[in-house]
Amino acid sequence: MDSRLQILAISGAYLLACLILGMVPGRKSGTGATGYVAGDRSLGIVLMYFITGATIFSSFAFLGGPGWAYSRGAAAFYILGYGVLGMVPFYFLGPRAARVARKYGFVTQAEMVAHRYGSPAVAGLMAVVSVVAFVPYLALQMKGAGYVLSAVTEGKVPDWAGAALVYGVVLIYVLRSGVLGVGWTNTFQGIFMMAMAWGLGLYLPARLYGGVGEMFRQISEVRPELLLAPGLDAAGEVWSWGEFTSAVLVSIVGFSAWPHLFMKAFTARSDRIIRRTVLLYPTFQIFLVPLFFIGFAGVLYPGSPDSPDQILLYMILDMRIPAVVVGLFCAGALAASMSSGDAMVHAAASVAVRDGWVAALGRNLTPGKEKAAIRWMVVVVMGLAYAVAVSYKGSLVALLLSAYGAVVQFTPVLVAALYIKRSTGPGVVAGVLAGSLITLLFVLYPDVRPWPIHAGLYGLVANVATIWAVSMLTPEFRSSGRDAFLRIASE
Amino acid sequence: MTGVRLRNRLYGLFLLVCVASLGWPIYPLLGSRIEPFILGVPFSLFWMIGWAGLSFLALLIYDRTGPR
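Keeping their order, the protein sequence lines are chains A and B. Take any residue in the first sequence, count from 1 to its spot, add 1: that is its number in the numbering used here. Take any residue in the second sequence, count from 1 to its spot, add 32: that is its number in the numbering used here.
Among these hints, one or two may not hold up.
Calculated from the model, a selection of chain B residues having no Cβ within reach of chain A, i.e. all distances over 10 Å [unchecked claim]:
hint, residue
1, 34
2, 35
3, 36
4, 37
5, 65
6, 66
Across the chosen pairs, the derived CB separations fall in these ranges [unchecked claim]:
hint, chain 1, residue 1, chain 2, residue 2, range
7, B, 97, A, 17, 41 to 51 Å
8, B, 36, A, 225, 44 to 54 Å
9, B, 44, A, 133, 47 to 57 Å
10, A, 208, B, 44, 38 to 48 Å
11, B, 60, A, 462, 48 to 58 Å
12, B, 70, A, 475, 48 to 58 Å
Hints are computed from structural coordinates only; laboratory data are not their basis. Every value quoted in this text rests on a predicted model; they were computed, and no experiment measured them. Cβ coordinates follow ideal geometry from the N, Cα and C atoms, glycine included.
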């Protein structure tokens, strides 16, 4: 059989398997938003582990991770570094949020915050920021999937068709099965992704250098600067410790505030399961190590791809390895893209309806209508992201960085809502606005930063200071509801 | 009560040291070097993997010594 057909057949079989797996749980979830968005709060440890882990590992990890190691060396270790503590805030915030959510019926983080402060404006603001952040993020995943399919078929399947095919599958199972569809497929995709990463991560160094140790020994002789932190910046100069350290810090703080992750606190069967998910997370994190091996394997490889992100594909296609292996790799890359994309589209649609429509604008819907509205939003968000993916020619990464900077600002809000009695609604609204604007300013104009550290860190400092100052200046929100909320959270 | 407080303090201290080791100042001071190679990887990479392991152990102990 033609090798291109073999690759396509494997990818097709993989997509079909995901589709079937994603369709199965559709019949099991209850009616209404709690079933569709929070899986009736019934998820056990296996689904929780993979739903969070596989969601985090996106196209960026699978293609960007090797790309960073290849072009920037030890700078890539920062991705591993923030993962060391990135889930720890969730260990403390997650169970608290889950307790109040069980009591009041929340399925998103913004409606929880809005309820705590009696402030629909908070929900509206968080909904807008989340959806604006998700669209470029999702578009990036779609581009990743389209790019992989077009590269392995040498352009026979164009980018737009590949992305449409892959995300057509995602659309079907997210529509039908909601969060359970995301959970079941992510379990399968997570296992597949890990196997592919370790397989390729050990295979490429062994085949090219005779082993991982020998590969690093050779790199240390020819390009030792790549193995020393903080590595190199995008231009190939030595990166600064300030940038490296602040990037780690901002990511640790902001990591668990992403709605598609944080909302999973509301899907867990018990607090115990949330804690255990965080505890087990480093086992998923270690899966970055073989991805770095792949990138380092490219360092002394003759020739170079057009952009560093393409190093993995470049080597695989250039080395003429068996089509079956290329097909499996291709499926692995699709797994990385789909397992993040499905959670994003699901979260964005849920947030738009629950936080935007219901909480912020005060339109109450019956459970059945709400579920239907979220499903319509899934289609809308998917269409929007697809339009961005195929038409936007500028840098999606810059768009994503700005959006990411805003989402990171949710963490102080969540901490304030769940822990700090004296914080007020106007305080958190002002905090998010101040933090997002400062971050955006420094992302767009990095040269005006007082010190060369991550833009998000300035935003976080401004955010915390603003929440504190404005909360002190505005009257305390006294209500029996608030006291009950905080008591339930800390039980 | 004092036991719980001690546990929280110790874990807080661990978090501080851990954060300081994932970047400036401890990583450049102790971790960012090529030799010795451990399990085939340069020490700078092993350092990060090691902290992932330590962080797991610390949270495990924190979790196991908690109430219930």
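Checked hints:
1. 34: holds (20 Å)
2. 35: Non-interface label on residue 35 of chain B holds, nearest chain A Cβ at 19 Å vs cutoff 10 Å.
3. 36: holds (14 Å)
4. 37: holds (16 Å)
5. 65: Its Cβ does come within 10 Å of chain A, the nearest being 7 Å, so this is violated.
6. 66: violated (5 Å)
7. B/97 with A/17: 41 to 51 Å: Since the Cβ atoms of residue 97 of chain B and residue 17 of chain A sit about 47 Å apart, the hinted range of 41 to 51 Å holds.
8. B/36 with A/225: 44 to 54 Å: For residue 225 of chain A against residue 36 of chain B, whose Cβ atoms are near 48 Å apart, the range 44 to 54 Å holds.
9. B/44 with A/133: 47 to 57 Å: Violated - the Cβ-Cβ distance for residue 44 of chain B and residue 133 of chain A, about 35 Å, lies outside 47 to 57 Å.
10. A/208 with B/44: 38 to 48 Å: Cβ of residue 208 of chain A to Cβ of residue 44 of chain B: about 46 Å, so the range 38 to 48 Å holds.
11. B/60 with A/462: 48 to 58 Å: violated (23 Å)
12. B/70 with A/475: 48 to 58 Å: holds (54 Å)
In summary, the structure is inconsistent with hints 5, 6, 9 and 11 from the numbered list given earlier, while agreeing with the others.
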